[in-house]
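Protein chains in written order, with the working numbering: chain R, 1 to 168; chain S, 1 to 168; chain C, 1 to 168; chain H, 1 to 404; chain U, 1 to 404; chain X, 1 to 404.
For the record, the hints were derived by calculation from the structure and aren't laboratory data. Only true hints are included.
In silico DSS-like pairs for lysine-lysine, Cα to Cα no more than 25 Å straight-line: (1) X:K220 / X:K131; (2) C:K56 / U:K234; (3) S:K68 / H:K234; (4) R:K68 / X:K237; (5) X:K343 / X:K223; (6) U:K131 / C:K63; (7) H:K343 / H:K369; (8) U:K99 / U:K89; (9) H:K220 / H:K334; (10) C:K63 / U:K234; (11) U:K237 / C:K56.
Incomplete in silico selection of chain U near chain H, CB under 7 Å: (12) I42; (13) F56; (14) D70; (15) E85; (16) N287.
Quick reminder that beta carbons are idealized off the backbone N, C-alpha and C, glycines included.
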Amino acid sequence: MHPLLLANHLIMLAGGIDGNKRPLDGSEIWGVTLVGLGVVIVALAILVILILLFGKIFDQINKNQKEKEAAAAAKKKPKQAPVKKVAAPVQEKPAQKPSTAPTVQTVSAPVSDEDEVIAVISAVVAVMSEQDGKNYRIKSVAKSQRSNGFSGRSAWAMDGRRQNVNPF
Amino acid sequence: MHPLLLANHLIMLAGGIDGNKRPLDGSEIWGVTLVGLGVVIVALAILVILILLFGKIFDQINKNQKEKEAAAAAKKKPKQAPVKKVAAPVQEKPAQKPSTAPTVQTVSAPVSDEDEVIAVISAVVAVMSEQDGKNYRIKSVAKSQRSNGFSGRSAWAMDGRRQNVNPF
Amino acid sequence: MHPLLLANHLIMLAGGIDGNKRPLDGSEIWGVTLVGLGVVIVALAILVILILLFGKIFDQINKNQKEKEAAAAAKKKPKQAPVKKVAAPVQEKPAQKPSTAPTVQTVSAPVSDEDEVIAVISAVVAVMSEQDGKNYRIKSVAKSQRSNGFSGRSAWAMDGRRQNVNPF
Amino acid sequence: MLQILQDILSGLFETSGLAGLAAEPLKLLMMCISFLFMYLAIVKGFEPLLLLPISFGMFLSNLPAVLPEDMIFHAAYWNEPQSVEWLWKVLHDGGLLDKLYLGVKLQIYPCLIFLGIGTMTDFGPLIANPKSFLLGAAAQGGIFFTFLAAGYMGMSAAECGSIAIIGGADGPTSIYVSSKLLDGADSSLNTGTIALAAYTYMALVPVIQPPIMRLMTTEKERKIKMPQLRTPSKTEKIVFPVVVTLIVALLVPSAASLVGMLMFGNILKESGVAGRLVDTAQNALMNIVTIFLGVSVGATCTASNVANLAFVKVLILGVIAFSLGTACGLGLAKIMNWLSGGKVNPLIGSAGVSAVPMAARISQQEGAKADPTNFLLMHAMGPNVAGVIGSAVAAGVLLSVVNY
Amino acid sequence: MLQILQDILSGLFETSGLAGLAAEPLKLLMMCISFLFMYLAIVKGFEPLLLLPISFGMFLSNLPAVLPEDMIFHAAYWNEPQSVEWLWKVLHDGGLLDKLYLGVKLQIYPCLIFLGIGTMTDFGPLIANPKSFLLGAAAQGGIFFTFLAAGYMGMSAAECGSIAIIGGADGPTSIYVSSKLLDGADSSLNTGTIALAAYTYMALVPVIQPPIMRLMTTEKERKIKMPQLRTPSKTEKIVFPVVVTLIVALLVPSAASLVGMLMFGNILKESGVAGRLVDTAQNALMNIVTIFLGVSVGATCTASNVANLAFVKVLILGVIAFSLGTACGLGLAKIMNWLSGGKVNPLIGSAGVSAVPMAARISQQEGAKADPTNFLLMHAMGPNVAGVIGSAVAAGVLLSVVNY
Amino acid sequence: MLQILQDILSGLFETSGLAGLAAEPLKLLMMCISFLFMYLAIVKGFEPLLLLPISFGMFLSNLPAVLPEDMIFHAAYWNEPQSVEWLWKVLHDGGLLDKLYLGVKLQIYPCLIFLGIGTMTDFGPLIANPKSFLLGAAAQGGIFFTFLAAGYMGMSAAECGSIAIIGGADGPTSIYVSSKLLDGADSSLNTGTIALAAYTYMALVPVIQPPIMRLMTTEKERKIKMPQLRTPSKTEKIVFPVVVTLIVALLVPSAASLVGMLMFGNILKESGVAGRLVDTAQNALMNIVTIFLGVSVGATCTASNVANLAFVKVLILGVIAFSLGTACGLGLAKIMNWLSGGKVNPLIGSAGVSAVPMAARISQQEGAKADPTNFLLMHAMGPNVAGVIGSAVAAGVLLSVVNY
Ligand code: NA
Ligand code: NA
Ligand code: NA
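In isolation and in its complexed conformation, chain R is listed as follows:
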């Protein structure tokens, strides 16, 4: 049997080799080597394909979202400003128990039928994450990433997360 016939090795190795077996014969040695390396490469190659694919998909989604955003921004330009203003104090808190939060929620509460105003929110999110990014860097130096870089959409989701900063 030629040592490079991978498939044969595979069949041979199906039952596994006894750990105490010594010495191994050439077919077993080459089998483990070639099949092993083959499996690793195949597994990681599949990951290459999948991650490339996901990258494309997310790119597409982002692109669509940005277009929508732009359209929405054009429509609702006057509304965007005040929300930003109110949202700001939420980011400024250095501590974990912001009693200012409820105010923000009542403001963003009208944003109930999620999809239409998503552009406004994501603009806020963008502003937030810019500030938040800074926080994050500083915090991670100090001790830990207590800041939540991710940002939920609905009012109570925010509240939920906030609760868990202190919790349980």
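Place chains S, C, H, U and X with the ligands on chain R using the hints.
Positioned in the frame of chain R, the structure of chains S, C, H, U and X with the ligands alone reads:
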């Protein structure tokens, strides 16, 4: 048997219900529900009474203490000042819990008996805590509530606590 | 048997005393007391001797090193300065991944046959540890001794350590 | 070359998880459910500290595996009779999550989490207004009325208790009770699904409670302002954990472990002399236990446990339990308001379900909606922390009534 | 209605802890003792990091409970013969504190605490003045002379050793030795009472030592000033833990575990290359172990163990052990002073009992009283840390002489 | 008096470790080897976080002891057949390091360390350039070609696998695989020596890799600049761990534990909603496990295990494994460069061996040497973190092919 006769349920439930029993009969179901809720309410009601009682007692104690204090302050006005001065640095550390009240205690601690030399010791303590205090303050900022907001009465109690900041 | 004959006790105690034995006879009691105290004193006395010895040895090493250093300093005065200068930024880093380090390495690289230029290095080390000493105190107050007070000699050793500050 | 690759791939299929997946297609469904909960945890912010580990544990244990030695969690182990040999099997042959799950099964994690919670809880508002205890007690009505409903649905005693405790709105307590009651019980329920439901509904408190609150209270009631609470002395705060532990242990000894650890943590905190230990108990220790508990409890959600009618019942009864608990709390608060001559805002009653500190924030929020100058937070914190004690007591009652 | 309530209350009584309390009134006494120690820990600042967990553990294990499954700690388990079945019983049927106490019984916690202590100890003053080792050795006289006293009081060998080790003024060492020696011994002593006494007297060092120090030294001796110590090099500090471990292991192998872990922690610290590990060893790990050790050791203080003559003997012999240790240290320091021609201040001798860093502070304080410009702290730290090593060696001797 | 002292000393000798040392002189050699590794760790900075605990553990377990109850580690225990009675023996009669080593033997520590690594790893560069996966795969050639070499040297299958995995340049993976494969195997190898070699060579990466890199690449290739990578979105980073876990579990189920915990840690981090848990997983938990793992793995290096030819073979094959891995990575990178028409700098190929983040830094450094404006770090981080996944997959393959 009427399901609302709690006492009967209690007797029934004394031996407990087999976890795998299915279906439960009405008496068992109502038994657990009513007796269970009853026990929870009774237990917590007893706590209401006790905690109210303790509240009253502590209020009384505090009141008595304040009166004594006022009297003592009137008596020992000249002596109080220097001691306060020495004790002050110990209290100044930026702890999380208001620690001014204990200061009064150390003062009114009628400086029991040991202690003609207490002034000397507390001077040493003051010197020590000045060095120690600096380190200490930095520590508490950095990490956690290492500071002890509570303050013992005798000189060596303080020392005991201090030991445990570094310890073991 | 006189209770102070240590050797006899030792032989007696060789097999150990049953933990539940009660009452112990005088010989056992005195045996444990005297032999026990004896062993503790002997063990720690041996440590006294050894640590004194090591102290002397290290003193001698240090002395020799300093003499060499002085000689080396006299010889290589112009070379010493730049090394110090380059090494300085390594100490100033507040973060854990200094990319300036390689520069230092290339500088200290000629220091290959270790012993001859050890004086130069130890001078640098001395300067480093002076600064480092300060860092150390402050750091330990803050949270942990992430600073490495010790300093390797070869180029890649530095890199190796650096890796492990962040790792794994 | 292509032939060889094809052979390899077909060989791989035989020995790989793909074959496992083909054999058990339900695993795919389970993984999708785990993704849903990951989404809820990460994007919607549903109790992420627990739902994220739980959902990832669920994902890990539903990964297809052909050989038992490759499995990260062996659901089958946990239905076997337990003995010291079984312990060895779990430790030696089990996957990582089996080993971590021992801490749940041996009742260690929930108590340690209660220790941490104790170090983070301020009982001050409850000491200042001890009547809040009654609201914390009333809200446990959710637990017992759900027991009633589950009982009449023909469930076994262990199942009734496990589902009912979800109404306590207290994760560790739910895990503690259900892992004890369902230990060896002949049931399609398991600790994982109970925990999933409990944490999901805890995250949904801001959705579940407000409608009930508005339904059960009048605008006028919601506008009631309550006077500022006194500040309890340090001594009271130190005596409190001892008194509560003692009373609970005297009346409901089976609740002593949970309440005892909660109060141990609290006295460490209130004493002010053990800062080192408090810091560790509420950070390193609690987080380690949370990770282990979350990921291993999640692992118990295997297809046979979740993809059945029982889980649907859990979900339905769980939301009923929460709603009833809210309603009971509100109801007693209304009575207290009536008895006190209009001095108690009934909105603080709903905070008695625990779900600390979320339920108290909902009370604050609803009060502020009725009158923006109304500040109920501290008044609601009293029933809120009382609810934790109340749930633990209710847990003790269930554990002593149902033989496991 | 009232009748029903009365029935409930009477029913509750039967099944509750109140009945348990009526059956075992001594538990009430034990709880009161636990309150006393809580008071000492919180208000008087007696070693609160350990006495507070110990006293709360004592409180928890003396709560009345009728049914064994409700008990947080089962004192009875720990007098049974131990086997793997027994291990399973503890894990499966035991309360939380039983499970945590396994870490004491299996000798894990004290070693881990020594690891943490090692990362916090600076042996610099001892390296600078190695003769301090002798003072650290002499102060262990307290241990052995107490063994003598206990022996003549008719105690068993295990009891003598357990009480004597209190004189070492070292909590983890006392717990390590007594949990080994009393394991299976027919004794009314237990680890909990030994630990209580040890930590209490450690907290009382500032009360016990000064009178003895003033009695045994003259004003002139106390005024002796000692020259500044040299600063040992980094290399010496790194070599030191290795040398000490090696010598101790060669001479007293049974002390190797304690000393080895102490020195492992120390080399981690002194190497300066493992800051991450040092941080965790002295914080998270040490605090977790301290909590578990404290609360579970305290739990062993049940009525049958404490409310007897043996505990009184422990208290009396404990204070004698401390006093003798102090006296022995002072005595040798006086001899060293005499031999050196008046260059050694005898006050540093008392620091040899360990109780780090309190005993060294007392030396400093007494020296400053005699002459306010006298600064003995660093000179006293040498004997002080030597005392830790000395106690561990003495522990090794006791463990190898008494068969357990 | 002198006579008595002499008698004591001779008596001490009989019962002390000195006699043990005389009986087993090889222990002295082992201690010297441990000092060598301490030196490498402390002075030379060789992976000190692991080599310092490992070398101190080695020192502790080679301390001479006459009596088994004085030994800190019992090498003999770990060659016995394992059962629940054996577990009890380890827990009850074992030394501290035996107890800690259970966490290695039961496969707990490496998975928890992978959890911590996951919370510290940024897969961004790999997501941005998924082709890096191939380089991380190719570099595992070091593992398999070393298996080949070891096989032809007449080693057993378990030994071949244990030595080969060193080429993965991944400490926890090496410990995970070798502790499984060598469990009960009739071999003179052991986990300790594998770990020693793995961490030593990881520390030596900056010495081993550069010559091979310069040999296999031309000056022109080393000067190739690569364009800046795109920044992956948060969603991609969150989806990534799930996808990788799923694919790996489908194809190589026996790698699921390691990869699953790595990705659990990563999703905790990337989700951004579990900061508390991330902090603890990468600090307290990871450091505790590192201490326990290091010191107990080191303890397995006893004289009979190390002072033989097998260890020399491990050292030789280990360096071959590293070199081959580097060469394979470089080789594939050269092919990719050729296929892409000169757009891939082959230097990033060597980073595929993992040894995060050192190998990536070496790539950066060598690139900067060829052209100081060349910035390869982020491009090398892709293969670098892919190497971690690749090694775990290779570990899974070895574990499923060799029956243990
Ligand atoms: Na509740
Ligand atoms: Na001592
Ligand atoms: Na690798």
